[in-house]
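Let the sequences and hints guide you as you build the complete structure.
Which chain is which? The protein sequence lines are A and B, in order.
Those letters in the first sequence? Residues 1 to 376, per the working numbering, in order.
Those letters in the second sequence? Residues 1001 to 1397, per the working numbering, in order.
No lab work stands behind these hints, which were simulated from the structure alone.
Some clues are possibly wrong.
[To be verified] Under the rule of at most 20 Å between Cα atoms (straight-line distance), these lysine to any residue pairs were calculated in the SDA-like manner:
1) B/K1282 with B/L1300
2) B/K1284 with A/R368
3) A/K324 with A/A254
4) B/K1232 with B/H1150
5) A/K272 with B/K1392
6) B/K1238 with B/Q1182
7) B/K1040 with B/R1200
8) B/K1180 with A/G267
9) B/K1262 with B/R1273
10) A/K324 with B/L1288
11) B/K1262 with A/R131
12) B/K1180 with A/Q268
13) A/K272 with B/D1136
14) A/K264 with B/Q1156
15) B/K1310 with B/I1390
16) B/K1310 with B/V1394
17) B/K1310 with B/K1392
18) B/K1031 with B/H1209
19) B/K1284 with A/R321
20) B/K1282 with A/R131
21) B/K1238 with B/I1385
22) B/K1284 with A/G267
23) B/K1284 with A/F366
24) A/K272 with B/S1382
25) A/K31 with B/G1207
Letter by letter, the chains look like this.
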Amino acid sequence: MDLSYTETQEMLRDTLARFLADTYSFEARQKMLDSAEGRDPGIWKALSSELGLTCAPFAEELGGMGGGATENMIMMEELGKVIAIEPWLQTVVIGGGALRASGGALAEATIPAIISGDALIAFAYAEPQGRYNLADIGTSAKKDGAGYVLNGHKAVVYAAPWATHLLVTARTGGGRREREGVEMFLVEANSPGISRRDYPTVDGFRASEVYFENVSVPAEAMLSGGIDLVEQVVDEATMAVCAEATGIARTMLAQTVEYTGQRKQFGQPIGKFQSLQHRMADMLVEAEQIASMALMGTLKLDAPAAERKAAVSMCKAKVSRSLKFVGQSAIQTHGGIGITMELGIGHYFKRSTMIENQFGGADHHFERYEALTLPA
Amino acid sequence: MDIEFSPEDLAFREEVRTFIAENYPAELRGKQDEGEELAKEDFLAWHKVLYKKGWVAPAWPVEYGGTGWSITQRYIWSEETARADCIRLLPFGLTMVGPVIYTFGTPEQKAHFLPRILSGEDWWCQGYSEPGSGSDLASLRTRAVRDCDHYVVNGQKTWTTLAQHADWGFFLVRTDPDAKQQEGISFLLIDMKSPGITVRPIITLGGEHEVNEVFLEDVRVPVANRVFEENKGWTCAKFLLAHERVGIAGVATSKRSIERIKAIAQTEMEGDRALLANPFFKRKVAELEVDLAALEYTELRTLAGMAAGKGPGPESSVLKIKGSEIQQRLTELVLEMAGHYGAPYFRGFGEGDNEHPIGPAWANRAAPTYYNTRKTTIYGGSNEIQRNVIAKMVLGL
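Below, the structure is given as structure tokens:
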């Protein structure tokens, strides 16, 4: 066992942290959110083509650095520290991860474009009725000559307004909620028949309802792996948001400690009050457990499927609960100012709250964990 | 003692139900349930209906315009208005400054202000908190200096709810800077249209404009608008805070929220079962019902004590702590129910495409409401302060 980072990994972290410190001040981020596009495309360009960070989790033969999940964890943690709204999760972790696992010509063509920053991928997997069941899919992919025709409605697709490609789950056969027949397709975002309703999300991203109406895709657009691959990719994504949660939780704690040192009531800094000290101590306990679970689950991503799934669900169940505690405590300790748009802490809380339920909350993951490991 | 309603109580309930069904403004229906931001006219529309009926201030003494209802009748009233999702009446006039004025005010103040509070003619706001004085309210620094028959007020207030609509504000100001903290404070009624008052919006996490900063620069306030004695304003402040804590429990509204959650969770599907059939979710609903029942009977005991001429004393802090926590847990559950549709930020795209709704309507404000409701454990004396009150005043520690 070795839980230390390599020199290259430390360097990656430093590079990203320094870049984000320069580009992601509270004011700069707010300006991105308020802009028409809702982001600064220059940042993604810098992360990819200029700093070359997007190559970290990909194999060398595809132009990558040969890294993997650990590199994604490092990146997501740093992105979380500044609540970055960059589509790393969607494009690199999910899009890149699915393609890497699926392999073939599609991966060889697309991964270099992800690395260069030219391809930006959004993950269209959720459906209005589906909640967190990945197989609850009504979107159909009907065989049509050499290709497929997609029809359906995908819900709350983060980063879709920015995407060049959509990674879509659809059903080539089987009934709703059956595992059989679920496949993933990489579809060009401007394909005829795709329409979107775009909107901002409460945590600062842009997302869309995406409608597919007789969208023709070639047979080569289908990834190999079916529902098993969908589950693997979502497990990788789940661990990525747990890593993001690590960065967010530690930052919320640091900001809370700093604030309680400045804010005075009853003639002293409120950080001197034991009730608040104990709460902040508990925040530290929970934040550190988030970090531990993010690490554990990430290291289990290559384990056999059953072991991987159980580990990821343990992690997400714990992270959701701990994150809720850290977030709610941070706001409570700040008092009224924490509920306003005027201070960073509220914006961290908005994102952390969304992470709690992203890819399923504590209940969902306890249920999944129990089904996998405990007798009925 | 009897836990059941008497035939007279049941008849009263029927009367209230019929009245609400026939008179609640149609254009307001559903607005509060969906967490919509309410306009000034929305609040006033229902207020005016109740004023006409004489039911706008049930808790006031009859001589000042109260209804003379028994505790049970008042309980029925709050139950029924919440059950029908009636818009809450703003507390600033009716449950805050009104009781202060009829308890401590001069005959002139009573004659002038009380009828205008009842009719809704004056919209009130509360000038208590300051940027450096939140939980430690008595450290407030806004100064009022006597100039013949006026005070000249300078300072800054914050978290002033709906001050953007206010005609009048009740302010705690420091009139004796040399006295011990709580002893140099006075309670002033200030015309919000006075020269020197600036109201600046504070936008909260859900995107709402609910609270404000209020800047006072050489604002001249007639001495006649001081309630109670000079430097004795803390008496009014304490009186008001204790009253505020009782209403803050929000039992009836929380009951309504649980019913709404159950109704939604019965139709919102998770695979082939209703969300309410999910044992985890169901247990959370049940726990809330249990906690709410405990809170309800704690409140009823407090109200019974008040009817017998006791309190409300520091035990109203119990109501504040439990009531605020329950309100927050309810919004947590709604956000959980919303699933993926908790994420869309339902503001700023009200125009446009109605053919492609963004998730179910009930989910649209789930996250903003959750964020906003974090305030309940902070305002009205944070829950940490409430625990201090219990420790000191009840336990004598």
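Evaluation of the provided hints:
no. : hint                 : in the structure
1   : B/K1282 with B/L1300 : 27 Å, violated
2   : B/K1284 with A/R368  : 18 Å, holds
3   : A/K324 with A/A254   : 16 Å, holds
4   : B/K1232 with B/H1150 : 17 Å, holds
5   : A/K272 with B/K1392  : 19 Å, holds
6   : B/K1238 with B/Q1182 : 10 Å, holds
7   : B/K1040 with B/R1200 : 17 Å, holds
8   : B/K1180 with A/G267  : 13 Å, holds
9   : B/K1262 with B/R1273 : 14 Å, holds
10  : A/K324 with B/L1288  : 18 Å, holds
11  : B/K1262 with A/R131  : 18 Å, holds
12  : B/K1180 with A/Q268  : 17 Å, holds
13  : A/K272 with B/D1136  : 14 Å, holds
14  : A/K264 with B/Q1156  : 17 Å, holds
15  : B/K1310 with B/I1390 : 17 Å, holds
16  : B/K1310 with B/V1394 : 15 Å, holds
17  : B/K1310 with B/K1392 : 19 Å, holds
18  : B/K1031 with B/H1209 : 17 Å, holds
19  : B/K1284 with A/R321  : 14 Å, holds
20  : B/K1282 with A/R131  : 17 Å, holds
21  : B/K1238 with B/I1385 : 13 Å, holds
22  : B/K1284 with A/G267  : 41 Å, violated
23  : B/K1284 with A/F366  : 15 Å, holds
24  : A/K272 with B/S1382  : 17 Å, holds
25  : A/K31 with B/G1207   : 16 Å, holds
When the structure is compared with the earlier hints, violations turn up for hints 1 and 22 and for no others.
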